[in-house]
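Peer 1: The chain contents come next:
Protein chains: 2
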Amino acid sequence: MSAEKLSDTEIRKALNSLQGWELQEGEIRKLYKFKDFKEALSFVNRVAELAEEADHHPDILIRYNKVTLTLSTHSAGGLTVKDFQLAQKIDG
Amino acid sequence: MSAEKLSDTEIRKALNSLQGWELQEGEIRKLYKFKDFKEALSFVNRVAELAEEADHHPDILIRYNKVTLTLSTHSAGGLTVKDFQLAQKIDG
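Quick note, the sequences are listed as chains G and X, same order. Sequential numbering of the first sequence, starting at 1, is according to the working numbering. Sequential numbering of the second sequence, starting at 1, is according to the working numbering.
Since the hints were made in silico from the structure, they are not lab data. This one's a predicted model, so the numbers in the text were calculated from it and none came from an experiment. Don't take each hint at face value.
Below, computed lysine-lysine pairings styled on DSS-like, alpha-carbon distance capped at 27 Å [as the list claims (entries may be wrong)]:
#1 Lys66/X x Lys30/G
#2 Lys33/G x Lys30/X
#3 Lys30/G x Lys66/G
#4 Lys82/X x Lys66/G
#5 Lys5/X x Lys82/G
#6 Lys33/X x Lys82/G
#7 Lys38/G x Lys35/X
#8 Lys82/X x Lys35/G
#9 Lys38/G x Lys30/X
#10 Lys30/X x Lys30/G
#11 Lys33/G x Lys89/G
#12 Lys82/G x Lys30/X
#13 Lys38/X x Lys38/G
#14 Lys35/X x Lys35/G
#15 Lys89/X x Lys66/G
#16 Lys38/G x Lys66/X
#17 Lys82/X x Lys38/G
#18 Lys89/X x Lys35/G
#19 Lys82/G x Lys30/G
#20 Lys89/X x Lys30/G
#21 Lys38/X x Lys89/G
#22 Lys66/X x Lys35/X
#23 Lys33/X x Lys89/X
#24 Lys66/G x Lys33/X
#25 Lys33/G x Lys82/X
#26 Lys66/X x Lys66/G
#27 Lys66/X x Lys5/G
#28 Lys13/X x Lys38/G
#29 Lys35/X x Lys89/G
#30 Lys66/G x Lys5/X
#31 Lys30/G x Lys5/X
If you only want the chain G side, here are some residues facing chain X, beta carbon under 7 Å, derived [unchecked claim]:
#32 Ala48
#33 Asp59
#34 Leu61
#35 Ile62
#36 Arg63
For glycine and all other residues, C-beta sits at the position ideal for the given N, C-alpha and C.
Next comes chain G alone, as it looks inside the complex:
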């Protein structure tokens, strides 16, 4: 699987196919809100399974009922297809 850094045009196109993800400092980020901490944690555990399957791991910030996921490909020094594939799986 390719892990080449995407161009700005490719990033913009890929972002358009997602909902709620924002480009910020070369990473993509999405905030999810849940009823409470318990539901937020269930979501994090589902994300964790997908991350392990993909061998690609978002940064995960949990603040009570809010979860922020941040994706980039450190080894490529930017965003790659792996980030958008995982984002799509998480929201799928």
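For this one, chain G is given, so just place chain X on it according to the hints.
Peer 2: Structure of chain X alone, referenced to chain G:
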């Protein structure tokens, strides 16, 4: 259970009884390192159980094998005994 804001002296004393926790911008914070993402996530799930028991929830940041916990009592506008009690339970 009291949720009164602690004084600077009380905070300093309480911090001394903990290991690895740092005071930063009116919150206490600790970074934990694990073998991999899976172990980091197991830790987060244990912390989550303690947080639910205490009805007090740290901010939790997971970056692959690193977990940062941040504690403060929003309702009190600072640090309270609840923060130090939970920190102690997490490390206990």
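Peer 1: Each of the hints needs a verdict: does it hold here or not?
Peer 2: Status of the hints after comparison with the structure:
1. Lys66/X x Lys30/G: holds (20 Å)
2. Lys33/G x Lys30/X: Within the cut-off at roughly 25 Å; holds.
3. Lys30/G x Lys66/G: At roughly 10 Å apart (the allowed maximum being 27 Å), Lys66/G and Lys30/G satisfy the hint.
4. Lys82/X x Lys66/G: holds (21 Å)
5. Lys5/X x Lys82/G: violated (45 Å)
6. Lys33/X x Lys82/G: Judged against 27 Å, a Cα distance of about 25 Å means the pair holds.
7. Lys38/G x Lys35/X: Answer holds: Lys38/G to Lys35/X is near 25 Å, not above 27 Å.
8. Lys82/X x Lys35/G: Distance of about 23 Å is within 27 Å: holds.
9. Lys38/G x Lys30/X: holds (22 Å)
10. Lys30/X x Lys30/G: holds (25 Å)
11. Lys33/G x Lys89/G: holds (18 Å)
12. Lys82/G x Lys30/X: violated (30 Å)
13. Lys38/X x Lys38/G: The given pair, whose Cα atoms are some 19 Å apart, holds under the 27 Å limit.
14. Lys35/X x Lys35/G: violated (32 Å)
15. Lys89/X x Lys66/G: Roughly 23 Å separates the two Cα atoms, so the pair holds.
16. Lys38/G x Lys66/X: Distance ~21 Å between Lys38/G and Lys66/X Cα, so the pair holds.
17. Lys82/X x Lys38/G: With a Cα-Cα distance of about 20 Å, the restraint between Lys82/X and Lys38/G holds, given a limit of 27 Å.
18. Lys89/X x Lys35/G: holds (26 Å)
19. Lys82/G x Lys30/G: holds (16 Å)
20. Lys89/X x Lys30/G: violated (31 Å)
21. Lys38/X x Lys89/G: Within the cut-off at roughly 19 Å; holds.
22. Lys66/X x Lys35/X: Holds. Lys66/X to Lys35/X sits at ~9 Å (cutoff 27 Å).
23. Lys33/X x Lys89/X: holds (18 Å)
24. Lys66/G x Lys33/X: holds (23 Å)
25. Lys33/G x Lys82/X: holds (25 Å)
26. Lys66/X x Lys66/G: holds (19 Å)
27. Lys66/X x Lys5/G: Given pair Lys66/X, Lys5/G holds - Cα atoms ~25 Å apart, limit 27 Å.
28. Lys13/X x Lys38/G: Roughly 32 Å between the alpha carbons, so the hint for Lys13/X and Lys38/G is violated.
29. Lys35/X x Lys89/G: holds (26 Å)
30. Lys66/G x Lys5/X: holds (25 Å)
31. Lys30/G x Lys5/X: violated (33 Å)
32. Ala48: Cβ of Ala48/G sits 5 Å from chain X, so the hint holds.
33. Asp59: holds (5 Å)
34. Leu61: holds (5 Å)
35. Ile62: holds (4 Å)
36. Arg63: holds (5 Å)
Going down the numbered hints, you'll see the structure goes against 5, 12, 14, 20, 28, 31, while the others check out.
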